[in-house]
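Protein sequence lines correspond, in order, to chains S and U.
Per the numbering used here, residue 1 is the first one in the first sequence, and the count goes up by one each step.
Per the numbering used here, residue 1 is the first one in the second sequence, and the count goes up by one each step.
Be a bit skeptical, because a hint or two may be false.
[Unchecked claim] To give an idea of the interface, some chain U residues facing chain S are shown, with a C-beta separation under 10 Å as derived from the structure:
{"no.": "1", "residue": "Lys7"}
{"no.": "2", "residue": "Ile15"}
{"no.": "3", "residue": "Thr16"}
{"no.": "4", "residue": "Val19"}
{"no.": "5", "residue": "Asn27"}
{"no.": "6", "residue": "Asp126"}
{"no.": "7", "residue": "Val144"}
[Unchecked claim] Which stretches of chain S does chain U cover? Using the computed rule of at least three CB atoms under 8 Å from a CB of chain U, they are:
{"no.": "8", "stretch": "63–74"}
{"no.": "9", "stretch": "89–101"}
{"no.": "10", "stretch": "153–162"}
In case anyone wonders, no lab produced these hints; they're calculated from the structure.
Built from N, CA and C at the ideal position, the CB exists for glycine as well.
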Amino acid sequence: MNFKKQLREGLLTQNPVLVQLLGMCSTLAITTSLFNGLGMGISVLVILTCSNVVISLLRKVIPSKIRIAAYIVIIAGFVTMVDLLMQAFLPDLSNSLGVFIPLIVVNCIILGRAEAFASKNTVAASAVDGVTQGLGYLAALVVMCIVRELLGNGTFGSGVLSADGARIIAEPYPALMMILPVGGFLTLGCLIAFAQWLVKKLNDKEAAAK
Amino acid sequence: MKTYVLKLTGVLFLITAVVAVLLGGVNAITEGRIADINAEKTAAAIRTVLPSEAEPEPVQDYADDTGLVTAVYRMGEDGYAVQLVVAGSQGEITMMVGVDAEGAVSGVSFIQMSETAGLGAVAAQDNAKGRAFRDQFVGKSGSVAVTKDGGDIDALTSATITSRAVATGVNAALSCVANFG
């Protein structure tokens, strides 16, 4: 087990959003404020880790013919629990994430990691994979949120620091477009390009070192 | 072959059963709290739209010609709070409209909406622009309309989808309360 390697993969070289291009729908839809990004990222991190552990535990029990059905039941179970607990204990967050929490069930990151990793690896490695991939998703969301909130709304950390956040760009200047769907695509495109550039640079450096 | 099919069914059944039991447990813990939170949200929305000391009392037999009204609460002698669902730009808007004893709007608030952030969603926000928009409806009676439709409500955006939806809701609430006579 190599935590450092898995962390690097989750955060950059195999980042679920920026490199594997999974879970795009929620990424584009909810990254309008830091509050949403943190809430969604942490929810996915928790659900991904739980479902990875359980699926890894059951990997020798679940026959391969029904594995997808079994995975979906397990994932849907965790998602519904998180959804209910959030509605009961964090109603504000639940209000603002709305339908995207139940939609985590069909988020490709969770099923993708179950299929590609948890079904073939030990429980401990799968738990680490859940945490590192979850952190990668969280990191991508947080960057998207900070960029879009700053350019589109002119604030930083609304809902986290204070209700309205810290205003950085004065009222009439923020480009509203950035918190509309088009801004999501623009930000994501730039972010993916940046991540690819970074991955290539790291690879070149490693090749040079050899 | 037969035993293999039985095994598949058995494993899937067991997984589903365990998940169902766990979900039942979580539901038992959270059900009461969620109901309380929703009830409190409704009560808070009622008090924002119609300042009154009276306990909100649900009215069952109201006459609604628009089909938008989902609940009506009588606030003693102070008037009514009407909860309704109108079609916004991104989905349904659940809103609360207060109508005072004189049949004029005493306030508008939003319980649930998914309007565009920064555009229509401003209607529900607790900032200067949101408050100014909602305050326009206060004191109006009869019917309201946005300026684009010949009324005197300044719309939030030039597309006026959310603003029109809110005006429709306010009109439905006014006519529903007018039916009480």
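Hint by hint, here is what the structure shows:
Of the supplied interface hints, the one on Lys7 of chain U holds, with its beta-carbon coming within about 7 Å of a beta-carbon of chain S, less than 10 Å. A hinted interface residue such as Ile15 of chain U counts as satisfied when its beta carbon comes closer than 10 Å to some beta carbon of chain S; here the least separation is about 5 Å, so the hint holds. The interface hint given for Thr16 of chain U holds, since its Cβ lies 5 Å from the closest Cβ of chain S, which is under the 10 Å cut-off. Interface restraint check for Val19 of chain U: the shortest CB-CB distance to chain S comes to about 4 Å, inside 10 Å, so the restraint holds.
Residue-level restraint check for Asn27 of chain U holds (minimum Cβ-Cβ distance to chain S is 6 Å; threshold 10 Å). Proximity of Asp126 of chain U to chain S holds as hinted, the smallest CB-CB distance being about 7 Å (cut-off 10 Å). Because the smallest distance between the Cβ of Val144 of chain U and any Cβ of chain S comes to about 26 Å, over 10 Å, the interface hint for this residue is violated. Counting residues of the stretch 63–74 of chain S whose CB lies closer than 8 Å to any CB of chain U gives 7, which reaches the minimum of 3, so the coverage claim holds.
Taking a C-beta to C-beta cut-off of 8 Å, the stretch 89–101 of chain S contributes 4 residues in contact with chain U, enough for the three needed, and the coverage statement holds. Against chain U, the stretch 153–162 of chain S contributes 1 residues with a C-beta closer than 8 Å to a partner C-beta. That does not satisfy the three-residue criterion, and the hint is violated.
Hints 7 and 10, counting from the list given before, are not met by this structure.
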